[in-house]
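Colleague: Residues per chain, in single letters:
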Amino acid sequence: MIAPQPVALTVNGAKVRRFVEPRLSLADFLRQDLGLTAVHLGCEIGACGACIVNLDGRPVHACLMLAVQADGMHVETVEGLSDSGAIAALQAAFHARNALQCGFCTPGILVVALAFLKDCRAGGAVPSRGAIRDALSGNYCRCTGYEAIVDAIQGVAEAACAAEAAA
Amino acid sequence: MKARAFDYRRVASVAEALDAYAGCPGEARYLAGGQSLLPALNLRLDAPDLLIDIGRIDALRGIAVEGGALRIGALTRHAETLASDLIATHAPMLTEAAAYMAHPAIRNLGTMGGSLALADPASELPACMRALGAYIEITGPAGIRSVAADAFFRDLFETAIAPGEILSAVRVPLGRPNTRMRFDEIARRRGDYAMVGLAAHLVLAGDAVETARLAFCSVGPTPVRAPAAEAALAGRPLEPESIAAAKAALAGDLDPDDDDTLSAAARKHLAGVLLGRVLSGLGDGRLTAEAA
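Protein sequences, first through last, are from chains A and B.
For the first sequence, this note's numbering assigns the number 1 to the initial residue and increments by one for each residue that follows.
For the second sequence, this note's numbering assigns the number 1 to the initial residue and increments by one for each residue that follows.
Just chain A, same shape as in the assembly (with noise of 0.2 Å):
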């Protein structure tokens, strides 16, 4: 029998503290052991890009990564980033836009769009098509197709942009 091991993390800006089978990968223990359901679980090898969370402010795969390796660490979920606002623009933009169908993709992709929206932002230019679809190679969406998505990226990098230059 092996022995669960302490685990102490931030998770969406509150302390958690478990104990947990050091086999339980961070997006199981996320779904599991707090309940936060919009880490989805598609492939559990790090292929559909479904159940990427923030690690420390950067995307990772919460299905390539266990729990006990993220003591320490700062981890947000959708639920949070949704709280906080950070996402808001995104959402609005998916859903005006009809960037999603089942859903079920749609978490992962708005973790990475974030995080590319505000590398592109330091990079200070509105990216282009392509740039948007190489962000997002590592999500597969099975029902849309790309398009919306990108276009919904899109959008919001083009209305950052013109807020900039307006302020």
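If you are wondering where the hints come from, they were derived from the structure by calculation, not from laboratory data.
Hints should not be assumed to be uniformly reliable.
[To be verified] Pulled a few chain B residues facing chain A out of the computed Cβ check, cut under 10 Å:
#1 A3
#2 R4
#3 D7
#4 R9
#5 A12
#6 R71
#7 R180
For glycine and all other residues, C-beta sits at the position ideal for the given N, C-alpha and C.
Knowing the structure of chain A, use the given hints to seat chain B on it.
Modeller: Structure of chain B alone, referenced to chain A:
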């Protein structure tokens, strides 16, 4: 699927990691970025008894120029490789290769050492190490040893690392001013496995190529050097004739197998196309794509 149960131990030093490995009565694996190990565990292709987490060992981090070489710590994330000014200055083919490696989220955790230690023949970094003439630093109970990249990749997923040893860093010799290098690949989709990839490293003497090191990925069980194509370039200027000669010679260098997605003939053809493309791009700008 879920991984089979295993024990987990996080270590703070290489010495502690080696001790943990030696003290494990069953099968132990070192865990760094985990971007290849955890899929293998989740698929139950591998089921060790103990994971030794070396991901927070500071001594395995860092990118620095020292002793005539660029030293890249094993725990360097692919995203750090992509962003590093030192790497872009001294080994820009690694910057180019990192952009092809998997997807952004994988690059945020996956590491240089992990990729090399796994030695996936489709992976970009092993081919780069052979083309760069890099040395792989391996730490074990007896101390640190250094293995030339040409001797490091032994067979499919097999390297010079002995059980229990840790890949701790790579050292890339600093290039002379007249060095030109490039990584490029042909894949069906961005982030997908390359059908063929090429790491090319040329040292020029005046107009002529003095030495060429060409290493291909995805054409065999290890990254493959192309000695005949290299010889066809040596001593000649980089021009349409020498590039055509290198492409012709390449046919004798590569012996890929047919697989479910691509015939050996198609793969060899693509390798030639890629070689022409990369070499013409490494010229002085007068070569056109048609020359390739």
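Colleague: Honestly, which of those hints from before does the structure not fit?
Modeller: 5, 6 and 7
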